[in-house]
Amino acid sequence: MFRGEESLKENMLNPPEAFLLTSLYINGYGVDKDTSCASKWLFHAWGVDHPLSAAYGYRIARATGFTFDNTESVVASLKLMTLSDSRTALEDLAIVSKDEYKETTKIIRNGLSGTGANHSSEEEMLHGFRYGMWIKTFENIPIILENFSRLPHITDYTINKRGDRILHMAVSCGQTEAIEALLNRFPSITVNQRNNQGETPLLCACHAGQSRTVLWLTTHGATALIGAWNGESPLHWLISFDDEEVERFYPELIQPGADTTAKTSTILAYQADFPAAAVPDRLPRGYAIGWATHCDRPQIVPFLQSDIADPRICNERWPQANSALRVGASQLRSESLELMMHAMEQYNVEQGRAGSRDFLVAELLEQAVHGSSLFDMIFYHAPKHQQAMESTFNCLLPRASRIAYDAYGGFKQTLLYFAVSLARDELVDYLVKQGADVIKARTDHDEEVVESQDVGSFKRADIDRASGVYMRTPLPEAHGAQATKVSKNPFSGQDSTWTALHILAYAGQDATWLVEQLLDHGAALDGLPDHFHTTESPLLIVVQNDAFHLADSLVSHGADLNFTTLSCGYLTLSNPTTILGHVIASDARNSIARLRYLLGSPSMRDGLHLIVEPARQRSALHRAAAAHIDVEFHGTDAAEAAELHWADVD
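Take any residue in the sequence shown, count from 1 to its spot, add 426: that is its number in the numbering used here.
Worth flagging that the hints you see were computed from the coordinates, not collected in a lab. Being a predicted model, the structure only gives us computed values, none of them experimental. Accuracy of the hints is not assured; some may be wrong.
[Unchecked claim] FRET-style restraints, in silico, Cβ to Cβ:
#, residue 1, residue 2, range
1, N618, R638, 15 to 21 Å
2, P745, P568, 52 to 58 Å
3, Y583, E443, 47 to 53 Å
4, N566, A703, 38 to 44 Å
5, D946, T692, 53 to 59 Å
6, K459, E789, 26 to 32 Å
[Unchecked claim] Within a straight-line C-alpha distance of at most 20 Å, the following computed DMTMM-like cross-link-like pairs (lysine to aspartate or glutamate) qualify:
#, residue 1, residue 2
7, K859, E816
8, K810, E852
9, K911, D946
10, K810, D855
11, K532, E671
12, K532, D669
13, K466, D495
14, K587, D699
Cβ coordinates follow ideal geometry from the N, Cα and C atoms, glycine included.
From just these sequences and the hints, can you work out the full model?
The following block contains the structure:
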């Protein structure tokens, strides 16, 4: 944050960094949530035409409560990003200006191959012909027939660097009359001719969203069975059409033999002038149903499902590629997700395997938790992000009533603990308020199972259930309330001696405001009295983690500056030693800053004792001179400390 402020003062704004700061302030990662600071950094980046800020800025601003007095500049920005192939910008443009949306959609379909691709740009076109010249030619049928009859090998004639033929150019521009004339005049040109990418005219027409051309081609012998070399099929590009258009011509696509199981082999991003840096701007590997889910087109899903013999392909995935189900869960696409899960469940009923699912609900819940950061939700769902999150968990939780409670994100972690540990505040609030009721929503639930504390993705008991390797309750994991609960000391691996203040201290954050809240809820300022001699105090941990503002806060509330203990981290001394003594004994690379704090800060210097081993009256100088004498090392699973061998740590 400091570097960003300094860059701003020096008029050296780093737009990607400003956009990152926007997300951090919205999510509250490393800083307190602050929509005003988020808006400030967003508009700084947007003001210098940072592409992601320009494409997503409107929805981020709306979701954080910002209102625009004048939308002219917003429309211009969204239109520019839309023409560069930001589908998100196109969605928002439809909200801000329906007239500009219609005009821009027409430009994208006729001139940019439906995607913002630069296939028809001056740099890409061949033989000295430009896009405008081709359009004029296509509109004059006698001229086109006369000119092209002079070509010796018309089927091999390429019009751009990617290898499109004349017919592919015509269909991409929606020039149906020219297509018919070409096919009638030149027998060597076939309706299923492929370009250098393996694309047929029908695929190019679907790519560009030319519904009238698609209908003409399917009634004149074009087949949707032929895909591109990378696996693209006409069905993948149903996303280029409105829902009404899909309903009108989908039967015509399927009738010639479209393959609903065709899958792309790579992630696709055709845009030339827009960075495909964000997931929404890239089309994933996989099936057409995955694309429909990714682009939030649930109306397309039932059409595809009606011709998929085995709906379990929705759960098929590859290395570095999510299944359609995982895409739906991670992006909170609840409608598509429900349709796919229901189809798979129904398929199993028909196969005589009622009760089987062939997908893991716990895995989908994990994906949904990952996708529920506030910034991500705004990215995908704009102001409807809360509704998207709730509807997704509403369809997943009832299916998780019989799942082990500790199957999420790591060893022995509950769903609530997992959500809290990832700082998913909105999800945590939803689970605590609605989770227990939602999980009972299925009419086929077993009351005994529902009441059991051993199964179910969420129970009210999870609020105080210790989870994870260190057996922390969810709220201490989030550095919040329930301060009397304890967790395992990560350095001993045996004893549960760490309080919420220890965990806050170990996090190394300067969240000073939390100290008073934790103390008000019963946290022990110096740790558990029964373990004073064996467990480090929160203040010692804070100093060792260089969180000096937090240290000042603990001291101001009365933390013992001269607290003595045997252990600190993996080191154990032979006699109880103060905080100053432990810092000296650790001889860590960054000890100088800690020593300066202890010896020089106003909150420390008046009360700090230089006798660091009261039992033997050894001073700080004695401890420094002793080096590693009387220092023992203990591993995480060791019951007792052992003599320290420097080879173990050097």
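A quick look at each hint next to the structure:
1. For N618 and R638, the hinted distance range of 15 to 21 Å is satisfied, since their beta carbons lie about 19 Å from each other.
2. About 54 Å separates the C-beta atoms of P745 and P568, a value consistent with the hinted range of 52 to 58 Å.
3. Separated by about 48 Å at the C-beta atoms, Y583 and E443 satisfy the suggested range of 47 to 53 Å.
4. A hinted range of 38 to 44 Å holds for the C-beta pair N566 and A703, which are about 43 Å apart.
5. As the Cβ distance of D946 to T692 is approximately 55 Å, the hint placing it in 53 to 59 Å holds.
6. The hinted range of 26 to 32 Å is satisfied by K459 and E789, whose Cβ atoms lie roughly 29 Å apart.
7. Proposed proximity of K859 and E816 is supported: the alpha carbons are some 11 Å apart, at most 20 Å.
8. Simply put, K810 and E852 have alpha-carbon atoms about 13 Å apart, close enough for the 20 Å limit, and the pair holds.
9. In summary, the hint linking K911 to D946 is supported, as the alpha carbons are separated by about 14 Å, within the 20 Å threshold.
10. Between K810 and D855 the alpha-carbon distance is near 17 Å, which keeps this suggested pair within the 20 Å criterion.
11. Only pairs whose Cα atoms come within 20 Å are accepted, and K532 paired with E671 is accepted, the gap being roughly 15 Å.
12. At roughly 16 Å between alpha-carbon atoms, K532 and D669 fall within 20 Å of each other, so this suggested pair holds.
13. Taking the CA atoms of K466 and D495, the gap is about 16 Å. The hint holds against a cut of 20 Å.
14. Of the pairs offered as hints, the one joining K587 and D699 holds, with about 17 Å between alpha carbons and a cut-off of 20 Å not exceeded.
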